[in-house]
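Given the sequences, and given the hints that come with them, work out the whole structure.
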Amino acid sequence: MNAFRLPEITRGAPFEIEVDGQPVMAYEGETLATAMQAAGIRAFATHAQPHPSSRLFCGMGTCYQCLVTVDGQPNYQACRTLARPGMKVETHP
Amino acid sequence: MTVPGFDIAVIGGGPAGLAAVQVATSAGASVVLIDDAEGLGGHYYKELPPSGGSRDPKRLSKKEREFQRLKQLIAQCGATTLLGARVWGIFDGSGATFNGHSANPDTGFSLYLEDTSGGSRALAARSLILAPGVYDRPLPFPGWELPGVLTPGAVQNQLEKQGLLPGKRVLVAGSGPLQMVVAAALLRHSAEVVALLDSSGALAGMRDIPSALPGLMSRVGEGADSLSALVRHRVPVLFRHAVYRAIGTAESGVQAAVIGRVDAQGYPIPGAEKEFQVDTICCAYGFVPSIAMTLHLGLDHHYDENLSAFVPGFDEHMKTSLPGVYVAGDVTGVGGKPLAELQGQLAAYSALESMGKLTNQQAAHYYSRLIPSMRREQRFARFLWKRYRLLPGLLELADDDTLFCFCEAVPVGALRACLKDGGCDLFGVKLRTRLGMGNCQGRYCIPNAALFIAAHGGKPVAELDLPSIRPPIVPVRMKDIAALELLPQDE
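Heads up: the sequence lines are chains A and B, in that order.
For the first sequence, this note's numbering assigns the number 1 to the initial residue and increments by one for each residue that follows.
For the second sequence, this note's numbering assigns the number 1 to the initial residue and increments by one for each residue that follows.
No incorrect hints appear here.
Lysine to aspartate or glutamate pairs mimicking DMTMM-like chemistry, simulated, CA-CA at most 25 Å apart:
(1) B:274 - B:400
(2) A:88 - B:251
(3) A:88 - B:480
(4) B:337 - B:225
(5) B:168 - A:8
(6) B:62 - A:8
(7) B:319 - B:304
(8) B:46 - A:8
(9) B:479 - A:90
(10) B:63 - A:8
(11) B:168 - B:192
(12) B:58 - A:28
(13) A:88 - B:115
(14) B:168 - B:251
(15) B:420 - B:465
(16) A:88 - B:38
(17) B:58 - A:8
(18) B:46 - A:28
(19) B:71 - B:7
(20) B:71 - A:8
(21) B:319 - B:305
Note that these hints are calculated values from the structure, not bench results.
Computed from a prediction, not measured in an experiment: that's the story for all the values here.
See the structure below:
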């Protein structure tokens with residue numbers, strides 16, 4: 001566990017998303033990558049990439065290393081996709 | 001028939017694009033501003049997402065206040081702003097692509113965009129100002145694919161756009177002027193920075209300082225602030241050092257970093273290795289200009305020795321080799337915000353002159369005011385990137401099992417074997433190994449592969465042909481393309 005939310009930021013409304021069946025807390029305006037990292041999830045996906053570990057890397061939508069499946073649709077960039085209440089995210093479909 | 005649309009499409013909402021939009025709208029041009037992020041400002045001004053959190057208004061920095069004013073100007077200037085929209089293809093008015101050289105820029109430009117939230121759309125413009133910026137340049141080393149190994153850009157975005165500290169014990173490494181700024185930002189947010197490594201020598205570039213003095217003086221304050229933070233927190237600053245390898249697991253990520261010395265050419269000096277327990281490694285060696293779009297348009301490019309990367313060609317009025325297409329900002333050579341703003345303005349004046357919205361005399365007045373400043377900033381950029389020039393030996397930190405291309409999982413060994421086997425250019429390497437053919441479309445591996453090929457007996461980098469970039473230039477969902485209403489086309 002390492003990433004954590006800076007306390008000096010006033011955040012939007014909190015809500016829950018689901019990552020691999022587990023509830024994860026997110027705040028309005030956060031990307032999936034942020035919510036996942038804050039919950040201690042660092043390894044993102046193994047399906048779309050032929051190598052064993054995918055994760056946040058460039059953090060700006062260029063490297064496509066953080067792809068996840070969202071509500072059954074594959075290949076969403078976790079670093080660019082804003083979390084919405086009730087989203088079901090899969091890293092190991 | 002003529003495609004209806006905008007006078008000017010500005011692509012990229014960083015300092016260059018924002019400056020271009022202000023100039024272009026002030027002369028009455030109809031302008032659309034497109035950026036793939038959710039907020040304006042590019043990588044210079046980092047904005048929290050509009051629907052997300054806020055900072056205490058009383059604690060905003062000078063830069064944040066400047067950005068608030070700038071956003072207000074953009075909101076009031078009459079430009080159409082499309083955020084979260086990524087250009088995946090540019091065609092001429094008849095639907096032809098430009099890198100096939102059959103297209104005619106006189107028919108205008110048809111742009112196809114993919115929205116982050118899904119869906120595709122099209123629009124037309126008479127001219128283009130391209131300000132796509134840059135991205136970090138990571139180099140491969142064993143373990144660089146572990147979760148927790150991040151680029152400085154990722155660390156900054158997480159901190160400033162998302163309010164998330166990515167790790168608690170961080171090693172900042174690589175090379176470049178940003179490293180110190182990132183380390184200072186991490187310290188400010190109570191992370192522990194175990195060390196700051198730079199592969200270059202502490203005194204590199206001293207001889208060239210006189211040529212860069214005016215640009216240098218204006219930046220001393222920012223550097224001094226970061227440096228004093230490092231001193232205050234007693235962070236060891238080690239020049240001529242690099243990350244040799246990262247240790248950890250695919251599930252929990254990086255747990256340690258092994259560092260060591262490198263020589264003046266970047267080759268590792270065997271012997272004294274040191275291990276740090278860390279949860280995060282922040283590492284990159286300068287920047288690569290985002291040339292996917294300029295390559296897709298078939299513009300002339302050349303190799304910039306200081307940046308060790310290809311950049312689009314342009315003249316002092318920011319005109320490229322294709323009529324109606326202008327470039328501005330870091331894509332032209334990573335000169336930072338002051339140069340980006342000057343070039344954005346120049347590009348806009350130039351576009352306005354070409355479409356008759358400014359007289360030649362009016363335009364000449366602006367050129368004479370802006371061009372000397374641009375030259376001064378360019379001299380600074382050349383000094384900076386010569387001082388931080390990428391050292392070829394750093395490519396040898398990777399072993400045969402290290403992935404060179406993430407997306408297609410091409411290890412260094414496969415690249416070596418291909419070169420031994422007679423491959424000597426990017427095209428051959430790409431066909432034999434699939435390097436550069438994955439989701440990121442070679443944005444990370446191709447610039448490094450060019451250097452690797454040259455260093456291992458292939459063609460010199462400047463003589464290498466860059467791979468063609470065909471639409472879609474970023475991954476797009478087929479259903480979005482299928483659902484798209486095409487623009488009306490010329491006969």
